[in-house]
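Turn these sequences into a full structure, and let the hints steer you where they fit.
Protein chains: 2
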Amino acid sequence: MPNDSLASWNDGAAKEAILDFVRRVTAEREPDFVPENERIAVFDNDGTLWCEMPVPVQAFFADDRLKALAPQHPEWRTTEPFKSKLAGDMKGVMAQGIKGIAELAMATHAGMTTDEFNAIVREWLATAKHPKLGRPYTKAVYQPMLEVLEYLRAQGFSTFIVSGGGVEFMRVFAEEVYGIPPEQVVGSTIKTHFEPRGGTPVLVRDPELDFFDDKAGKPVAINKYIGRRPIACFGNSDGDREMLMWTTLGRPDGRPAFGLIVHHTDAEREFAYDRQHVLSGQLDKGLDEAPGYGWVLADMKNDWKTIFPA
Amino acid sequence: MPNDSLASWNDGAAKEAILDFVRRVTAEREPDFVPENERIAVFDNDGTLWCEMPVPVQAFFADDRLKALAPQHPEWRTTEPFKSKLAGDMKGVMAQGIKGIAELAMATHAGMTTDEFNAIVREWLATAKHPKLGRPYTKAVYQPMLEVLEYLRAQGFSTFIVSGGGVEFMRVFAEEVYGIPPEQVVGSTIKTHFEPRGGTPVLVRDPELDFFDDKAGKPVAINKYIGRRPIACFGNSDGDREMLMWTTLGRPDGRPAFGLIVHHTDAEREFAYDRQHVLSGQLDKGLDEAPGYGWVLADMKNDWKTIFPA
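Those protein sequence lines, which keep their order, are chains A and B.
So the first sequence is numbered by this note's numbering: it starts at -1 and just counts up by one.
So the second sequence is numbered by this note's numbering: it starts at -1 and just counts up by one.
Hints listed in this document are in silico derivations from the structure and should not be mistaken for laboratory results.
Careful: at least some of the hints might be erroneous.
Which copy is meant is left open, because identical chains are indistinguishable; a pair holds if it fits in one copy or across any two.
Below, a list of computed lysine to aspartate or glutamate pairs in the DMTMM-like style, where the Cα atoms sit at most 20 Å apart [said to hold, decoys possible]:
no., residue 1, residue 2
1, Lys213, Glu193
2, Lys299, Glu173
3, Lys283, Glu193
4, Lys137, Asp62
5, Lys189, Glu206
6, Lys137, Asp272
And the structure:
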């Protein structure tokens, strides 16, 4: 039976699995019926809803931001990790370890108010383009997944992002691009503090990590922010493994649950990567475990008619 | 013009202010119109939606839980702060300082899975009764505020709790009692961690504070969890001062905004307390600032026809 809701999906096991699951949980008086308030679906962002190659979009943002700020920071010319980064010497950056990466992130993401940060991100997204795809990052999103989001919402689901990306970065575009409002975006956070500033209160972004929403942090964040166990989970890497487990395995409530992994198999139309791609977006354990745990693999090359919106 | 939506409110300035604000932001084509997705209203819980006297409900829970656990912990008979607490010696408990209070909280709130904790709270709420009011805590809620919640939602608002109370404690009853689903409950959190437990994954509650959602923490939590600035804020104590400020003062978006403080003035039907009540629920600065900031005071004795649901 054709279903136009997922028009960019080729007929096949992945598409059928999505439609079948939704049919089961929305059919009243059937044993698998789930009431609307419990129809929570969670989506990773980088690599699941939009392109994360060659590096996650937020890394491009940090790069551009660093260059824009460099003139105000002459000391960066002689201080690591800024020196290496501005010289395009990634080996030099890596030599500084995770501390160096964190310093770059904080220099570009902290020290301003939340309103100022939102404006900076909004402005950047309006003009920046993906280096290989040649389109704005907000158009480097996956059309088949946009259709899944819309289809699930039409069927009474609430759709949440649960991503390692910065929550205030994603909230700038998630509502317009994905139809996901700020209060349904869960992500990594840095600390902020409140300042009354004489009747014009602000929140200031501090250079300290608050929470990194990846791997085993994802179920923790789901519980903290959403407070309900999702019945559907969409990811693409081993960073999503624990939230896939939390969604689909050993549920004491006996609810049916659905897990799907977007498998990047299309070097021609997008990028092909899985086990070998260790920097970010690695999919290794998930490939081994998917069959046993019943997680559906969406093969981008074969399952998706189109990758990006027109 | 009578409005039955707030039937338990006496006609007067407070009721009129609520109705007037809602009329202004929902009237299309008027300058103060706010689209539905931005109609965020935040509510403190203790003392704003339910009774917090003589101590907040969660403290009663901790007490009962400590007594229930005591037989398994013979060492508590000789170790502070447990020894004093079990002997009913509050002076002895206080002598242990904030560290002692935290130890009591962790002993009763941590060390189990999130599912186990939910079941414990659910069971307790089903039988426990308020010592003075003689009714279940879930019926020691304020009827006029239930009406405000329902009225706002009928007018396209999303209603959130933003409370110093434990988020997993409140989520057990907030949906049934207030019509507020788990994902719209923001509160204090303790750390949790994910354990796969051989295919039956759990989240374990650890004895460490993650975030205390009070005072200047409230705007921080609003930004982190909701990601949008509320246009209406309801509180009752100086713990709500910063989120009232964040809602109503110096908004760069120019949105109209509303702040209301529930003032506990009714010793006969509930409790009367404000400036002198320093332990919790103190309302001191808020009383001074309300007129200047345009925050509405709801005088429980004069503005509320009834306090509790029948």
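Consistency of the hints with the structure:
Taking CA atoms no more than 20 Å apart as the test, Lys213 paired with Glu193 passes between copies only; the shortest distance there is 12 Å, against 33 Å inside one copy. In the homo-oligomer, the alpha carbons of Lys299 and Glu173 never lie at most 20 Å apart, since the shortest distance is 28 Å inside one protomer and 43 Å across protomers. In the homo-oligomer, the alpha carbons of Lys283 and Glu193 lie at most 20 Å apart only across protomers (17 Å), although the nearest pairing inside one protomer, at 45 Å, exceeds that limit. Within a single copy, Lys137 and Asp62 get their C-alpha atoms as close as 19 Å, which meets the 20 Å cut-off; across copies the closest is 55 Å, which misses it.
In this assembly of identical chains, the alpha carbons of Lys189 and Glu206 lie at most 20 Å apart whether taken from the same copy (6 Å) or from different copies (18 Å). Taking the shortest Cα distances, Lys137 and Asp272 never come within 20 Å of each other, neither inside one copy (23 Å) nor across copies (54 Å).
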